[in-house]
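S.K.: Sequence:
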Amino acid sequence: MERRALIIGGGIGGLTAAIALRRARWRITVRERDKGLPTTGTALGMWPVALRALDAIGVGDMVRRAGRRQQAGVFLRPDGSRIATIDVERLHRRTGDHVYLLSRPGLLAILHETAMEAGVELRTGDPVDDATEVGDVDLVVVADGVFSQTREKVFGPAYRARFSGSTAWRGVVEDMPTDKFVEVWGRGLKFGVTPQEGGRTNWYASAAAPEGQFHPGEELAELRRMFGRWAPPVHTVLDAINESAVLRHDVYVTPPLPSFTRGTVAFLGDAAHAMTPDLGRGACEAIIDAVELASHLRKTLTVEQALHEYDRRRRPATQRLARVAGLAARMTHLRYAIPVRDQLLRASMVAGPPGA
Numbered sequence: 040m041e042r043r044a045l046i047i048g049g050g051i052g053g054l055t056a057a058i059a060l061r062r063a064r065w066r067i068t069v070r071e072r073d074k075g076l077p078t079t080g081t082a083l084g085m086w087p088v089a090l091r092a093l094d095a096i097g098v099g100d101m102v103r104r105a106g107r108r109q110q111a112g113v114f115l116r117p118d119g120s121r122i123a124t125i126d127v128e129r130l131h132r133r134t135g136d137h138v139y140l141l142s143r144p145g146l147l148a149i150l151h152e153t154a155m156e157a158g159v160e161l162r163t164g165d166p167v168d169d170a171t172e173v174g175d176v177d178l179v180v181v182a183d184g185v186f187s188q189t190r191e192k193v194f195g196p197a198y199r200a201r202f203s204g205s206t207a208w209r210g211v212v213e214d215m216p217t218d219k220f221v222e223v224w225g226r227g228l229k230f231g232v233t234p235q236e237g238g239r240t241n242w243y244a245s246a247a248a249p250e251g252q253f254h255p256g257e258e259l260a261e262l263r264r265m266f267g268r269w270a271p272p273v274h275t276v277l278d279a280i281n282e283s284a285v286l287r288h289d290v291y292v293t294p295p296l297p298s299f300t301r302g303t304v305a306f307l308g309d310a311a312h313a314m315t316p317d318l319g320r321g322a323c324e325a326i327i328d329a330v331e332l333a334s335h336l337r338k339t340l341t342v343e344q345a346l347h348e349y350d351r352r353r354r355p356a357t358q359r360l361a362r363v364a365g366l367a368a369r370m371t372h373l374r375y376a377i378p379v380r381d382q383l384l385r386a387s388m389v390a391g392p393p394g395a
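Throughout, this note's numbering is defined as the position within the sequence shown, counted from one, plus 39.
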């Protein structure tokens with residue numbers, strides 16, 4: 040008998056899970072709150088470990104072709120002096136692959152098309168408010184993001200998303216191609232630039248700030264006040280953008296869950312382990328969650344056994360990454376002991392990125 044799964048959330052993790060489970064001959068329904076795919080969004084770094092997971096569902100090469108390969112990476116001070124260099128070739132030797140940058144809409148378009156071709160039923164504009172009342176299915180996969188209502192209903196209000204203490208700005212500059220990742224660390228401030236497909240440059244910035252302290256219509260002025268005197272590529276980007284191109288949001292994280300499963304319900308991605316963006320691994324980990332969940336469901340006799348193995352494997356790994364991301368966020372927001380911070384960053388480059 041064909042097994043049936045309901046996936047709550049049609050983002051990166053949800054669509055990856057849908058494709059992976061269809062390949063395992065499950066009948067899949069995805070219910071997504073939004074009415075359509077996003078048309079704007081900044082670049083996501085696809086690390087080798089995530090690309091291997093995408094290879095397992097047949098879309099890895101599509102992502103490589105659509106994205107931009109990161110050719111080099113460097114960490115700078117605001118005056119343009121170098122703190123540390125990312126050894127891109129060493130990563131390639133170690134993993135056999137590179138980091139590719141692809142926009143969220145670009146990645147979602149690939150996953151959406153693949154899911155539709157595989158026969159996934161996708162119901163947009165159709166939110167699920169209670170995962171315990173979804174009808175006759177063998178599995179519920181919760182992939183509805185950092186503000187997951189299902190997570191709160193299953194585990195209680197203590198596991199509601201929490202403000203991390205930092206805010207973030209992001210955007211895209213048209214007609215400014217780059218192959219290099221550059222991240223600039225100041226006193227309590229950070230500004231980054233990465234490649235993006237289509238000859239665009241993706242940029243982002245972060246700072247410690249009170250929750251909800253936005254400046255509607257004046258965010259670009261705020262960015263120029265904080266970063267305007269920094270060396271290229273920072274002031275080059277700030278000179279090229281306008282107010283309408285600036286997105287701002289506070290950063291939220293999830294408390295460590297006691298389990299990624301409950302009965303025949305499995306949580307993945309930000310619904311399970313939202314972390315600060317400092318490692319650039321949120322989307323990657325959602326992809327890996329989804330593919331590993333489907334792998335265990337193929338290998339074990341019962342859904343309960345598969346979910347036990349999924350929780351045993353993925354919860355320690357992702358919660359460890361979330362702790363490292365939190366430490367990285369605190370490092371970037373330091374206002375004092377800057378030489379010590381820079382030494383720690385250089386040491387981390389020598390050790391290599393975690394779980395690449």
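Think of the hints as simulated: they come from the structure by calculation, not from any bench. Remember, it's a predicted structure, so these values are computed and weren't measured experimentally. We put the CB at the ideal spot given by N, CA and C, even for glycine. Be aware that a few hints might be false.
[What the hints assert, rightly or not] Each pair of labels, with its calculated beta carbon distance range:
1. T341 / R362: 44 to 54 Å
2. E282 / G158: 19 to 29 Å
3. P255 / R43: 16 to 26 Å
4. K338 / R263: 53 to 63 Å
5. R108 / L286: 17 to 27 Å
6. K74 / P255: 21 to 31 Å
7. R64 / T275: 16 to 26 Å
8. Q252 / D100: 37 to 47 Å
[As the list claims (entries may be wrong)] Here are the computed lysine to any residue pairs in the SDA-like style, where the Cα-Cα straight-line distance is at most 25 Å:
9. K192 / E156
10. K338 / R64
11. K219 / R239
12. K74 / E156
13. K192 / D168
14. K219 / R103
15. K74 / D168
16. K219 / D165
17. K219 / R61
18. K74 / G135
19. K219 / I125
20. K74 / I149
21. K219 / K338
22. K192 / M155
23. K338 / S298
24. K74 / I125
25. K74 / K219
26. K192 / A207
27. K219 / G135
28. K74 / L147
29. K74 / P87
30. K219 / T163
31. K219 / A386
32. K74 / R132
S.K.: For each hint, tell me whether it holds in the structure or not.
M.R.: Here is what the structure says about each hint:
A hinted range of 44 to 54 Å is violated for the C-beta pair T341 and R362, which are about 32 Å apart. For E282 paired with G158, a C-beta distance near 44 Å fails the hint of 19 to 29 Å. The hint said 16 to 26 Å for the Cβ distance between P255 and R43, and at roughly 45 Å that hint is violated. Checked against the hint of 53 to 63 Å, the pair K338 and R263 passes, with Cβ atoms roughly 54 Å apart.
The given range of 17 to 27 Å is respected by R108 and L286, whose C-beta atoms sit roughly 25 Å from each other. Between K74 and P255 the beta carbons are some 25 Å apart, a value that agrees with the proposed interval 21 to 31 Å. Remark: the range hint 16 to 26 Å for R64 to T275 is contradicted by a beta-carbon distance near 51 Å. Take Q252 and D100: their Cβ atoms lie about 43 Å apart, and the range 37 to 47 Å holds.
As the CA atoms of K192 and E156 are separated by approximately 33 Å, the hinted pair breaks the 25 Å bound. Between K338 and R64 the CA atoms are separated by roughly 13 Å; this keeps the pair inside 25 Å, and the hint holds. Annotation: proposed proximity of K219 to R239 holds, straight-line Cα distance about 12 Å (limit 25 Å). Our distance criterion of 25 Å between C-alpha atoms is met by K74 and E156, whose separation comes to about 19 Å.
Using a Cα cut-off of 25 Å, the hinted pair K192 and D168 holds, with the two alpha carbons roughly 9 Å apart. A threshold of 25 Å between alpha carbons decides the hint, and for K219 with R103 the separation of about 16 Å falls inside it, so the pair holds. Of the supplied pair hints, the one linking K74 and D168 holds, its CA atoms being roughly 16 Å apart against a limit of 25 Å. Simply put, K219 and D165 have alpha-carbon atoms about 40 Å apart, too far for the 25 Å limit, and the pair is violated.
The straight-line distance between the Cα atoms of K219 and R61 is roughly 37 Å, outside the 25 Å bound, and the hint therefore fails. Between K74 and G135 the CA atoms are separated by roughly 38 Å; this puts the pair beyond 25 Å, and the hint is violated. A distance of roughly 10 Å separates the Cα atoms of K219 and I125; the hinted pair therefore holds under the 25 Å criterion. Note on K74 and I149: the hinted pairing holds, with a Cα-Cα distance of about 18 Å set against a maximum of 25 Å.
Under the criterion of a C-alpha separation no larger than 25 Å, the hint pairing K219 with K338 is inconsistent with the structure, at around 41 Å. Between K192 and M155 the alpha-carbon distance is near 30 Å, which puts this suggested pair outside the 25 Å criterion. Restraint check for K338 and S298: satisfied, since their Cα atoms lie roughly 21 Å apart, inside the 25 Å limit. A threshold of 25 Å between alpha carbons decides the hint, and for K74 with I125 the separation of about 40 Å lies outside it, so the pair is violated.
With a C-alpha separation of about 35 Å, the suggested pair K74 and K219 falls outside the 25 Å cut-off, and the hint is violated. The suggested pairing of K192 with A207 is violated, with an alpha-carbon distance near 28 Å, which exceeds 25 Å. This hinted pair checks out: K219 and G135 have alpha carbons roughly 19 Å apart, not beyond 25 Å. Our distance criterion of 25 Å between C-alpha atoms is met by K74 and L147, whose separation comes to about 14 Å.
Of the supplied pair hints, the one linking K74 and P87 is violated, its CA atoms being roughly 32 Å apart against a limit of 25 Å. For the hint pairing K219 with T163, the CA-to-CA distance comes to about 37 Å; that exceeds 25 Å, so the pair is violated. Distance restraint check for K219 and A386: the Cα-Cα separation of roughly 21 Å lies within the 25 Å cut-off, and the hinted pair is therefore satisfied. The suggested pairing of K74 with R132 is violated, with an alpha-carbon distance near 42 Å, which exceeds 25 Å.
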